[in-house]
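There are 2 protein chains.
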Amino acid sequence: MAKHVLKSWIKYQEDCDFSIHNLPYGVFSVNDGPKKIGVAIGDYVVDLFAVASKGLLTKSNIPKTIFKNSFLNPLMALGKGKNAELRQDITKLLSSRISKLRELPKALIPIENVEMHLPVKVTDYTDFYSSKEHATNVGKMFRDPKNALLPNWRHIPVGYHGRASSIIVSGTPIRRPKGQQIPANAKKPIYGPCKLLDFELETGFIIGRSTELGSSIKCNKAEDYIFGMVLLNDWSARDIQKWEYVPLGPFLGKNFASSISPWVVPLEALDPFRVAGPKQVPAVLPYLKSRGKKNFDINLEVAIKNKSAQETIVCQSNFKYMYWNMSQQLAHHTVNGCNVNVGDLYGSGTISGKSKRSYGSMLELSWKGTKPLKMIDGTTRKFIQDYDTVVMRGFAEKRGIRVGFGEVSGQILPALK
Amino acid sequence: MAKHVLKSWIKYQEDCDFSIHNLPYGVFSVNDGPKKIGVAIGDYVVDLFAVASKGLLTKSNIPKTIFKNSFLNPLMALGKGKNAELRQDITKLLSSRISKLRELPKALIPIENVEMHLPVKVTDYTDFYSSKEHATNVGKMFRDPKNALLPNWRHIPVGYHGRASSIIVSGTPIRRPKGQQIPANAKKPIYGPCKLLDFELETGFIIGRSTELGSSIKCNKAEDYIFGMVLLNDWSARDIQKWEYVPLGPFLGKNFASSISPWVVPLEALDPFRVAGPKQVPAVLPYLKSRGKKNFDINLEVAIKNKSAQETIVCQSNFKYMYWNMSQQLAHHTVNGCNVNVGDLYGSGTISGKSKRSYGSMLELSWKGTKPLKMIDGTTRKFIQDYDTVVMRGFAEKRGIRVGFGEVSGQILPALK
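From first to last, the protein sequence lines stand for chains A and B. According to numbering that gives the first Met the number 0, the first sequence is numbered sequentially starting from 0. According to numbering that gives the first Met the number 0, the second sequence is numbered sequentially starting from 0.
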């Protein structure tokens, strides 16, 4: 193992998402007990309430009550400085041979014994549209194949407001939504269950520092406001969306559910995986100018599991493909004075790459349903069927260091009668 | 005075918005003291914390702590039944000659001595587009004058998600937003202060009862979920909006600020003003079928005050013109299983009528800036200038009963350098 790789006295496999370099935060409970904040390491969850109660957070000295909490918001609101100290405390406790945590076995809970909850009280949710490949694919399918990108796309990290109330944690089943759709060549809409149910492979970032209304976040300071990242499945009802979205954008086609992974990976843990983004041509306006490596090399995949849990990988993509980075998204979102709050969630938009295998939605993978995908059980899929479970996974890896997101999954249940 | 008109021992003018038939709730403070919940009557605010502390809420018996609160949300969450009892308590205290409130003068605060705050912690904000006249005007200006309404408009109460963080209470000044705009015939956008700043005359309703994700609210039960209404100014930066809004809808053109009136008028207070809505042709789908009188006859007006507070009324409209009613909006919003929460705000969309005088935005009143409006000071306006204050007012009146909203106002300050 290379020198820069830290070791923990907790044993885990080399390909474990939750290495000591990661230390993601989540909200867990055991046997319907109270919700508490924990950190994942290997196959364990560190109970930070128990750790703080024993006075083991010697550097950060964060009061234990912060960790007996239904959401990460109060912890995040302590700021980057205090959270950096907490990260040092936890790293030390998990790596030091003479760690006092070793004398506190109750604070280490096998991960299979915990129930994970929505980690963040989502204050506002915005979804971007920042993959050039995705926007191009959609433009080719629904607009002009020769001018697939709209005129504003290379100038603006296009985005829209989403629904905060229906953001759910991985594992929560989703009812197939009902709504209006317009059959081909019909003049009147019909009402019924969505027939073209889709996923969108996204990541999301979570705000850890609020701003005042009227102020703006500068592009090169934007990461100071980002606490961490999650995986995001922006479930989409394509037929509902198609009929409703002109002129005010997606609405019921999206707001029936958006699933996020339970573990929030701190931005600091992703530092080793920084890469430069694609060149932006034409040059962006000065307020969107981004210096340094602001993209991240994060491998992403999507699998569909049938009712018998037989799994087919349908997409392999990477977060580094994104045309617009998170700093640009945040600078743009606030350039007009819009304020952000601790707990805000910002979705990347569907993350598609150049290869057909890397398209981040069934819409693109099956090219509007014209190219059904073969499943491992011999069936095919154009879109998502009842009882299918969609699983998204993500991890970054470099020189022996691995930082993973775990997964976000959700099963589709039949529409209510 | 007619028999059905209640009388209070607190004296107020006949044209007072805050009659005993109204009893709107708001959050106030005095001299930077704690935020408390009050009810407006005449020129006074009834301090409900003081009233509850003295045990005067004999029917509802709501604990006093509910009223020492920064927001109405916990009170609203008690439900329609408990809130009906509270309304009875307050009505009795304010109308009975032997009211114990008369022995508690401290609980009656002159309205000019209170500072009003945002009444609701807004959990999610959705804005509809439900005036046929407004949608038609916009369609005529920007799309096809012969087919001004888009194909979905008569089938769907079209709406989109807005930004909850930037909802502010009346009186809060607003910085002119900056952002990208595309000059006429230019190929590249420029960056700078918005030049086409506009208001939109709207009302909003606030949710008082939550639902579970996956469930839907039936159209004829929707009012059970509506606590009350406010006036809403959906500030709009037309040049920013025009460049950004395709294909995902309005974003930075709207989310720099939305102002609401401080007093939430209970839906019950508006009961005498029910009217039938316009006939909907073609017939709507069954889940949108609305029975009974679901529109409300509420007079609305918009004034522009110059820096010297000289006021010009620029619009007189009425909420009864709306094509889609609030029940239909809520039924549609949840038909796909989207959940609602206590504290959600739902905007009506710009409320325009048939006459040119009734158009609810400068965009329509000045017809895209081609017909400047004359102000009382001799100047003209195409859109809103720095230091202008936009004031919206609303009231319902019938057979001697008046229920008013007070006003929502906001002054535009110059863009930050």
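What the hints contain is simulated information worked out from the structure, not anything from laboratory work. Only a predicted model underlies this, so the values are computations on that prediction, with no experimental measurement involved. Be careful, since some hints might not be right.
Each pair may be met inside one copy or between any two copies, as identical chains are not told apart.
Within a straight-line C-alpha distance of at most 25 Å, the following computed DSS-like cross-link-like pairs (lysine-lysine) qualify [claimed, not checked]:
| # | residue 1 | residue 2 |
| --- | --- | --- |
| 1 | K187 | K373 |
| 2 | K67 | K194 |
| 3 | K53 | K79 |
| 4 | K241 | K131 |
| 5 | K220 | K416 |
| 6 | K278 | K6 |
| 7 | K131 | K6 |
| 8 | K99 | K63 |
| 9 | K373 | K355 |
| 10 | K194 | K217 |
| 11 | K34 | K306 |
| 12 | K370 | K381 |
| 13 | K416 | K145 |
| 14 | K278 | K186 |
| 15 | K79 | K416 |
| 16 | K67 | K99 |
| 17 | K131 | K293 |
| 18 | K120 | K67 |
| 19 | K353 | K34 |
| 20 | K53 | K397 |
| 21 | K34 | K120 |
| 22 | K145 | K187 |
| 23 | K373 | K67 |
| 24 | K241 | K217 |
| 25 | K217 | K416 |
| 26 | K139 | K278 |
Q: Could you tell me which of the hints above the structure violates, numbers in ascending order?
A: 1, 2, 6, 7, 11, 13, 15, 19, 20, 23
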